[in-house]
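Mind docking chain Y on chain R? Use the hints.
There are 2 protein chains.
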Amino acid sequence: MVIKMKGIIMIIDGMADRPLEELGGKTPLEAAKTPNMDKMAELGVNGIMDSIQPGIRPGSDTAHLSILGYDPYQVYTGRGPFEAAGVGVEVMPGDIAFRCNFSTASEDGTITDRRAGRIREGTDQLAETLNTMGLEEDVQVIFKESTGHRAVLVLRGPGLSDQISDADPKHEGKKYKEVVGLDDSPQAQKTSRILNRVIKKSYQLLKEHPINMERTKKGEPPANIVLPRGAGAVPNAQPFNEKYNLKSACIAETGLIQGIAQIVGMDIIEVEGATGGVDTNLDNITNSILLNATLDYDFLLINIDGADEAGHDGNLQEKVEFIEKVDEVIGKVMELEDVYFILTADHSTPIAVMDHTGDPVPLVIKGPGVRVDAVNQFHERAAASGGLCRIRGSDIMNILLDLMNRSSKFGA
Amino acid sequence: MVIKMKGIIMIIDGMADRPLEELGGKTPLEAAKTPNMDKMAELGVNGIMDSIQPGIRPGSDTAHLSILGYDPYQVYTGRGPFEAAGVGVEVMPGDIAFRCNFSTASEDGTITDRRAGRIREGTDQLAETLNTMGLEEDVQVIFKESTGHRAVLVLRGPGLSDQISDADPKHEGKKYKEVVGLDDSPQAQKTSRILNRVIKKSYQLLKEHPINMERTKKGEPPANIVLPRGAGAVPNAQPFNEKYNLKSACIAETGLIQGIAQIVGMDIIEVEGATGGVDTNLDNITNSILLNATLDYDFLLINIDGADEAGHDGNLQEKVEFIEKVDEVIGKVMELEDVYFILTADHSTPIAVMDHTGDPVPLVIKGPGVRVDAVNQFHERAAASGGLCRIRGSDIMNILLDLMNRSSKFGA
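So the protein lines, in turn, are chains R and Y.
By full-length UniProt numbering, the letter at position 112 of the first sequence is numbered 112, and the numbering carries on one by one without gaps.
By full-length UniProt numbering, the letter at position 41 of the second sequence is numbered 41, and the numbering carries on one by one without gaps.
Careful: at least some of the hints might be erroneous.
Same chains, same names: a pair is fine if it fits in one copy or spans any two.
[Claimed, not checked] 25 Å max Cα-Cα, derived SDA-like pairs, lysine to any residue:
id	residue 1	residue 2
1	LYS243	THR286
2	LYS39	ALA374
3	LYS207	ASN284
4	LYS4	LEU316
5	LYS409	PRO169
6	LYS243	GLN163
7	LYS4	GLY25
8	LYS4	ASN241
9	LYS325	LEU291
10	LYS26	SER385
11	LYS201	ASN131
12	LYS33	ALA374
13	LYS39	SER385
14	LYS243	TYR76
Honestly, the hints are just simulated from the structure, not real lab data.
Next up, chain R with everything else stripped away, as it sits in the complex:
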């Protein structure tokens, strides 16, 4: 009987780094005690990977798209669609999606607080009220709250364009901007016309909203207007399951990665206590991986975010400690049978840079038949001498499908 192999790609967000003087010239991943990752390097075939291309600084979103086999230069039309999908709006190809702020406006449209006093509570009710707008012309208007003062707006209907300007004036004390088309198309005209009305209506619907009446009473700036920016058209990406003939799910902590998974049509598994920070509940994440790997999924995409957060904060100790904690997750996932298991990062987030860089990341593939190499540690430098040499994110799904024996031959 042929065993049907499963595939797991586990991405430790921003784990890779650069050598640091304070670690005696080691990287955090080199310095961390990672017996399980090292064991995986020993049992697998190793290499370094450029998520997009050598030297290109990837976002987590564009890196994941590339690793899943989508060309980010084609598919990534801006952050709006992925953010909207990430907060749970079931976006559809052709939708125009925006990132929005709940802001505070005076009667004449002057923005007095771009973040409405960093409002944290009640934005779900504000979004619910905004959704009573329903249709503008033949276009459906969909609001959804995100974290804090953030929200998303999706316009769905015929003849829309993402070639329109932002309403957000970027500075307080200025009036919000009238949205205009960035080209002369009737689509851009229609979209900007509708959006300008939506903004005006948001003020009408929110200015005396109970949530805002209460805020005003407490001396807090009311969240009485919505300012969209970063228009992007939801791309027509071929669904992942159809593209690869796989049944797939994504276990990710952040809306950004969940948004990617949603747009390509993967099932999204929520994990309780997954915060996306170094305080996340790794036990729950581990259990979710182990459980879902036994269900009828062929493929799991896993993203664990804490190392990236520590990198952005420039917090070396937290980064090292979190990598060591993640190592325990790896140890348990390695015990799964009949699985090709790929461990990597989406990009480097060096402590010394506090942002993503274009340095390649280490990658290891464990599973039956791989050409095990001499590498027996999992880190940036050891991986560079591995049997995979240097590959790209866009190679990974092809390599995995080939190992899973799910590829078809090109030619005879």
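For chain Y alone, kept in the frame of chain R given last:
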């Protein structure tokens, strides 16, 4: 305070080679004593590079274009434009440029000497006279002498095309060829019509030119006609400084590389005594690098040509000796602070082939935060086990900008 890092790419033209029996199986770079390059390998991250693609034999021009981040298959329209720029014609996008010979023609147009007796003196005066042509129709005609019997011709005006044939008959004793359009476009017709008149006029203007009267008196063949070949349209390449937001300069010895730099809009630094041969003045080149690196340039492209010349000549001893001399230049450039320094070659010019080959070249990057690897010698084979693995010329600027912290993130 954040230190603004500079970038230097130093290209030792044609330095890479193949193993040679007479060196006991070593390459010239392996055999040469290069303590400074080896030190740089030890301090840096190493790899091999294909300037264009594995196995493709690059010209120095196409290799440099690729390393600077321009796709040579898009930008390199032929040698004419780069040669014209290299001899100092300020070419503009859309110009049609030709390489020309000063030749000797008889009254009926038969070419009796394609190189006019390899004329060396007075071609500047011939070019000056040819430039009195001024306009043909609405097209400006610009001549400029190059080395020996060579010259360039640039046509500047509306409605021109590079799809036209050569005038050079390639064999002596034949009449020069009437230029014809290679397609049916009115642009090709116009360009060939003008070019045929320019060739005729060159004969009229040169046949009794004082320089030629004197040559005839001395029994030397007169340089009495100009034969253009290799039409190319000057590409509309995005200026380097704009593309990367850098202030850049090029220190190069040959017109070919200076032409590349000029077409992409870099400042060109002339160095006295830089011959492009093994006899070049490396002290002056070193001083120019050290001086210009302290000026307000962000980026220097350096090309040193002697090793390529020795390779073309098949002169092993000269190649090894020149590499050893260049090593001293590297030693001094390595002392510069706050610089990312990339040392490489543009292509191999193996002694045994006496021409460029598609073998990859070694490359090392030195500077803060690079993932220093175990390589401690700088040559073709050592580099192949370095931390960069195998990259392409088109990756280099992306990698450098990322290290210089001048990249922007693609995505979130």
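Status of the hints after comparison with the structure:
1. LYS243 with THR286: neither (28 Å within a copy, 45 Å between copies)
2. LYS39 with ALA374: Both. Shortest intra-copy (12 Å) and inter-copy (22 Å) distances satisfy the 25 Å Cα cut-off.
3. LYS207 with ASN284: neither (42 Å within a copy, 73 Å between copies)
4. LYS4 with LEU316: For LYS4 and LEU316, the Cα distance is within 25 Å only across copies (24 Å; inside one copy 41 Å).
5. LYS409 with PRO169: Result: close only across copies, 23 Å inter versus 54 Å intra.
6. LYS243 with GLN163: between (29 Å within a copy, 24 Å between copies)
7. LYS4 with GLY25: between (43 Å within a copy, 22 Å between copies)
8. LYS4 with ASN241: within (16 Å within a copy, 47 Å between copies)
9. LYS325 with LEU291: For LYS325 and LEU291, the Cα distance is within 25 Å only inside one copy (20 Å; across copies 51 Å).
10. LYS26 with SER385: both (17 Å within a copy, 19 Å between copies)
11. LYS201 with ASN131: Answer is within; shortest intra-copy Cα gap is 11 Å, inter-copy 69 Å.
12. LYS33 with ALA374: Both: 19 Å inside a chain and 22 Å across chains, each within 25 Å.
13. LYS39 with SER385: Both: 16 Å inside a chain and 21 Å across chains, each within 25 Å.
14. LYS243 with TYR76: Both. Shortest intra-copy (18 Å) and inter-copy (22 Å) distances satisfy the 25 Å Cα cut-off.
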